[in-house]
Amino acid sequence: MSWETVIGLEIHAQLATRSKIFSGSSTAYGAEPNTQANLVDLGYPGVLPVLNTDAVRLAVKFGLAIGAQIAPRSVFARKNYFYPDLPKGYQISQYELPIVQAGSLQIRLPDGSLKTVGITRAHLEEDAGKSLHENLQGASGIDLNRAGTPLLEIVSEPDMRSPVEAATYMRTIHQLVRYLGICDGNMQEGSFRCDANVSVRPQGQQELGTRAELKNLNSFRFVEKAIEFEVERQIDLLEAGGEVVQETRLYDADRDETRSMRSKEEANDYRYFPDPDLLPIVLDEAFIAEVREELPELPEAKRARFIADYGLREDDVDILVASRPLADYFEAVAGTVKDDPKLAANWVVGELSGALNRDGVDIDASRVPPHALGELLLRIKDGTVSGKLAKEVFEAMWAGEGGADEIIDSKGLKQITDTGAIEKIVDEVLAANAAQVQQYRDGNQKVLGFFVGQVMKASQGKANPRQVNEILRKKLS
Amino acid sequence: MSLSRQDVEHIAHLARLKVSDDELDEYVDKLSRIIDLVAQLSSVNTDGVTPMAHPLDIGQRLRPDEVTESDQRELYQENAPDVVHGLYRVPKVIE
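Chains A and B are the protein sequences, given in the same order. Those letters in the first sequence? Residues 602 to 1078, by the numbering used here. Those letters in the second sequence? Residues 7 to 101, by the numbering used here.
Bound-form chain B, shown alone:
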């Protein structure tokens, strides 16, 4: 197992995911297998190879600095579970 229960608990906490004890065992197993699979890549010698973050050999296209969007708050907020005074209402985020 490349991942411990603590690792998975920690990752779940960072993503604010609630994971039950039963699920935790399963995730430790499955996530570890994924990581082990990918880890096989480490056996390849990559000395002198430039890291490739993107598969395309071109640079980022830029757009001109222009305001092209209009206010569509009402439309977008139809998808929100809770809205007040134009704000998205969420559980309190400070102690």
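With the rest of the complex left out, here is chain A:
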């Protein structure tokens, strides 16, 4: 029998606010335990939550970017469960009336095809604290710095049909939240997390199979691998005459397998009810219009513009628009070079990205700012330096030795364009290689390449290659 895989994802994006969703505590990562947890975060009796404007604003921004309905009135609910890192005994979330409803996102699959994934809802909620278990002699230690950090939980429709589609959707959401500036997307620090609902059904069957929920998928690769494993597990189970049990399963990256979290099963009874401490969020048209004004150019629009306006290749554009800072960098370089966006793209995708990756430097902290790279490219354009030696100039710029002109001067990398000087070198090379000259004149055109190489070598790479070719042809004819 052939099986169809059905996947839906729940993504938790930590919203990029300075303070928590319901208190004035800092959300900065990495502080000493419990130094950023106040009375509200600790769940002390008698305190009340006060909602952070920016958490609402960032959620609305996401909703507008995916063409969703922004609820004019949405309601916070209490999700009740018992766990030591949740001091109140409930998480403030949204249940029946989430702030963002019914949107969709177009994803571009590795084979170039497009697919639209429905987004059921995105709702605001608070994060829980962290439980630590190491070096505590059989006890657990609770750090509540993270408690109350604003999250946007983005719930997709069960629209994905393969692990690759799921990973592509996750990447596309990741790219979008970073473009929007609503989440830093840092997966190591847990700012962007993902759970997957996975089921299989016989090809052609309408009804969905029983699903398992996979937790702990904190990288794009893990999402793909965990789902691959889980699909195989479910198919094996069904083909052996068994049944899939609806349960939560934890992905273990070290062993590349998923396993049941039995303790979670009975607890799935959250007894949601509207939180009496918080009034409904009421949004008027003016607020929504104001947020709409703040929307940046989105990745797909930027991609289309780069292809149309700059005439770049699609694979280069995909690299350039992957992150907004890289796209901005490219546009700044292209703006300096003016009439040669392809040259700018080649250098940003090639030398610059290579240096950034090699040294683990972020584009925002590039050691060669865009206008400096633009000036180097102008020196290639006006013939001051050859494309080949420009790479040497770039490395020196990267090492902090100065600007393009300065380095070309100090290192003597200026291209030789003086015809007389080049002719002199050509003459010397021809005189020293009489045998090859004869071969060329006997009709072996390939020897020309040999001569070009010799002349370039004799000029230490500085002779203008185009002129070298011209002069050689003239002298050999």
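Hints were generated in silico from the structure; no laboratory data involved. Think of the CB as a built atom: it goes at the ideal place given N, C-alpha and C, for glycine as much as any other residue. Among the clues, some could well be false.
Which bits of chain B does chain A cover? Going by a derived footprint, with three or more residues having C-beta under 8 Å, they are [what the hints assert, rightly or not]:
1. 30-42
2. 46-55
3. 58-69
4. 74-85
Got chain A; can you put chain B on it based on the hints?
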């Protein structure tokens, strides 16, 4: 009785409350009576009435995104029964 012993046991477990067998009988009785009392509301026809989660006809006030709190860990942790390395120490929560 609108609640069974299993219902009450289940709720007690979710809240991590330990309830003895004797107490259980009492809770089944008392909680059932509360639920039955509230259930009388179900006899009212509410067709076309918007559910009201809150009694006030206004929206949530918002506060600006500013950090207004300073570190008061020492003060707050005076109330905790057990603290280690700045962490609240609790019985182990994973198997």
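These are the hints, each one checked on the structure:
A stretch counts as covered by a chain when three or more of its residues have a beta carbon under 8 Å from one of that chain; for the segment 30-42 of chain B and chain A the count is 0, and the coverage is violated. Under a criterion of three residues with beta carbons nearer than 8 Å to beta carbons of chain A, the stated coverage of the segment 46-55 of chain B fails, only 0 such residues being counted. Beta-carbon proximity to chain A at under 8 Å applies to 9 residues in the segment 58-69 of chain B; the threshold of 3 is reached and the given coverage holds. As drawn, the segment 74-85 of chain B meets chain A at 7 residues by the rule of a beta-carbon pair under 8 Å; at three or more, the given contact holds.
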